[in-house]
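Take a look at the letters that make up each chain.
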Amino acid sequence: MSGEAANMVSEAGIVEVPLAQTGEGIVDCELVRWFVKEGECVEEFQPLCEVQSDKATIEITSRYKGKVSKVNFMPGAVLTPCFFGFFRVGETLLEIMISDGDGSFKLEEKENSQREREVLATPAVRSLARQLGIALKDVAGSGEAGRVLKDDVLKIASVKEAVESDITGISSTPAETGETVPADEITDFDKISADRVEQMQDDKVIPVRGFRRIMAKTMAAAASVPHFHYMEEINVDALVKLRAHLQLQTRSKLTFLPFLIKALSLTLVRYPILNSNINQDASEIRCKTWHNVGVAMATDSGLAVPNIKQVQKLSLEEIADEITRLSKLAAANKLTPDDVSNGTITVSNFGAIGGKFGSPVLNLPEAAILAVGRIQKLPRFNEEGRVYPASIMSVTLGADHRVIDGATIARFCNEWKDMVEHPEKFLLSLK
Amino acid sequence: MRPAMRVLRLQGFPIFRQLQLEERLMHKTDENWCIFNNGTSPPTIVMGVSGSPEELLDVDAVSRDGIPVVRRFSGGGTVIVDEDTLFVTLICSRKAIPSLELFPRTILKWTGELYKNVFWDNPDFTVHEQDYAFGQTKIAGNAESISKDRWLHHTSFLWDYSPPRMAYLTIPRRAPAYRLGRSHGDFICKLKDYLSYREELAELLEDALGRHFFLERTRLEDVDEEEYKHRTQFVELLRSPI
Chain A
308 MSGEAANMVS EAGIVEVPLA QTGEGIVDCE LVRWFVKEGE CVEEFQPLCE VQSDKATIEI
368 TSRYKGKVSK VNFMPGAVLT PCFFGFFRVG ETLLEIMISD GDGSFKLEEK ENSQREREVL
428 ATPAVRSLAR QLGIALKDVA GSGEAGRVLK DDVLKIASVK EAVESDITGI SSTPAETGET
488 VPADEITDFD KISADRVEQM QDDKVIPVRG FRRIMAKTMA AAASVPHFHY MEEINVDALV
548 KLRAHLQLQT RSKLTFLPFL IKALSLTLVR YPILNSNINQ DASEIRCKTW HNVGVAMATD
608 SGLAVPNIKQ VQKLSLEEIA DEITRLSKLA AANKLTPDDV SNGTITVSNF GAIGGKFGSP
668 VLNLPEAAIL AVGRIQKLPR FNEEGRVYPA SIMSVTLGAD HRVIDGATIA RFCNEWKDMV
728 EHPEKFLLSL K
Chain B
30 MRPAMRVLRL QGFPIFRQLQ LEERLMHKTD ENWCIFNNGT SPPTIVMGVS GSPEELLDVD
90 AVSRDGIPVV RRFSGGGTVI VDEDTLFVTL ICSRKAIPSL ELFPRTILKW TGELYKNVFW
150 DNPDFTVHEQ DYAFGQTKIA GNAESISKDR WLHHTSFLWD YSPPRMAYLT IPRRAPAYRL
210 GRSHGDFICK LKDYLSYREE LAELLEDALG RHFFLERTRL EDVDEEEYKH RTQFVELLRS
270 PI
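Top to bottom, those sequences are chains A and B.
Every position in the first sequence, counted from 1, becomes a number in this note's numbering once 307 is added.
Every position in the second sequence, counted from 1, becomes a number in this note's numbering once 29 is added.
Simulated from the structure, these hints should not be mistaken for laboratory data.
As the structure is a computational prediction, the values presented were derived from the model and not from experiment.
One should not assume that every hint holds.
Said to hold, decoys possible - Think about it this way: if two alpha-carbon atoms lie no more than 25 Å apart in a straight line, the pair counts; the simulated DSS-like pairs of lysine-lysine are: (1) A:K560 - A:K641; (2) B:K124 - A:K684; (3) B:K258 - A:K684.
To be verified - Label-pair restraints from in silico Cβ distances: (4) B:R31 - A:S449: 18 to 28 Å; (5) A:M381 - B:R46: 27 to 37 Å; (6) B:D178 - A:P382: 43 to 53 Å.
Heads up, the beta-carbon is just placed ideally off N, CA and C, and yes, glycines get one too.
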């Protein structure tokens, strides 16, 4: 029995290719079809065949450039994968005569160690590659004269496991042992694994630029403003139904946000004090005519708050399209100064990311901000006194206490809430 | 920067055409896709890439009632789909999620986390063996197709189902252990008992996908129709002689 499934090379330069692990432990696979035939030349990474496990069809690709010398199974055959690393129990899928690219066929494996020595790399990089199990000959060097640098090795290590395999793309995973990862250990699957974290020795320094810089300055200034917060719950059952119905009638991306923003604007007509700002020495409050509603957006560069101009004149579709347009610009870091200036009130939909409650900070010089949490299904009583599942959204209003008092916020919120809970009332404002 | 993903929302699209579309998008494009189809017509039996109709179907009843049978290009089992089935398909390139190894189990783990965020208010949501389930009842079947640098994961959720239609399928020989020999009715559950309306699944999914991808709505007419030799084909059944 061979200890290493990879080193199944005969003196004649023939590689025996087993069905290596498909990432599901020892699970029989059915050979569905071949992409190559005996006598055919194959390139590195070329698909050889397709197999099927319980739920998936998987393409098996070749690690070698050569010629298919023997195919051992017909489509429909059930195969046992090779359990490499310990001993081999699986069958040989096919045999490939190795080519070195100049037309002759000779053993590639015997020259591996020599090729390894010929790669340009410092001793530190070689040591790192050895630790990660990366063969330097497999790494494309980005340094001068093809020198392999530390980042080149780390990049390779981040996309593949460091194991020997006959077939590209097959590697061992913890799942092969048949272990189940407990649910509470499955956190954010985009995070780097614990093994990788150990290799990242240096702290990360992030310069405060762009949106981050603006956010830092704005938040520092807001800290000196007397904030107060008012919280409410909104039953959005009617809005959920209406949105679903209207989404089928329009090409615009109609999330809940356009409805909330339009309702906000319709209510601001009666409470212009919330759409205002106060001057620096708190001697003058200016109520704005335009409803330029800012929408907080999380981008890779930090928090951006572009605003939708003159919402009081826009339809739901136009608001939705503006949100889409500004989101794309924000994600591409292409917002203009006009997009992010002259806002009069801000809406923060942190519920889209997660979270139910928040204490929003004012986007100065604005006097009010509305933060919307995630919609939850909660038990509520209906008019007959029966419990039913209701879609409940929590909102928090933040306000500058130099400008707005608690009673005003409460009355404003009551009217806005009434409009959101009874969206048919939007029709009363049609002109 | 999040990679882009094109989102295609269909309504009542025939499943045969959907599967052929998915094959083309998987093999002829290098873009990331999410396809949502709200129901299909006519009711159709869809089999995995291999498997014998004689073992998996009541062939006589299927033939007698003229139910179309399609063999798809991905692995997995047999389902009957109709106007009450909600389809979700994800097609991604390896580079879209570089940390994701392209194996069935790792992909299912990733999509399981995605759907955990979709069904965020149901603590019973789990991945049971290879199914999505609420507790011990299955809510969706799924299957995959994996190539060197691309993967596809498609799922069919039962908004509702018709027991007479389920009778066209036999209980498969290889069933998950947690099925415990239960009939279809005791083993699977209806999504309409958990969501308020059909489109809510697509909206929740877009919310969850939006954390990983920059979503771009696409219309069917904007998808290129390229020549491709599809493996998704109709299956001709042989009835037992009378």
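Hints, one by one, checked against the model:
{"no.": "1", "hint": "A:K560 - A:K641", "in the structure": "21 Å, holds"}
{"no.": "2", "hint": "B:K124 - A:K684", "in the structure": "36 Å, violated"}
{"no.": "3", "hint": "B:K258 - A:K684", "in the structure": "46 Å, violated"}
{"no.": "4", "hint": "B:R31 - A:S449: 18 to 28 Å", "in the structure": "25 Å, holds"}
{"no.": "5", "hint": "A:M381 - B:R46: 27 to 37 Å", "in the structure": "32 Å, holds"}
{"no.": "6", "hint": "B:D178 - A:P382: 43 to 53 Å", "in the structure": "24 Å, violated"}
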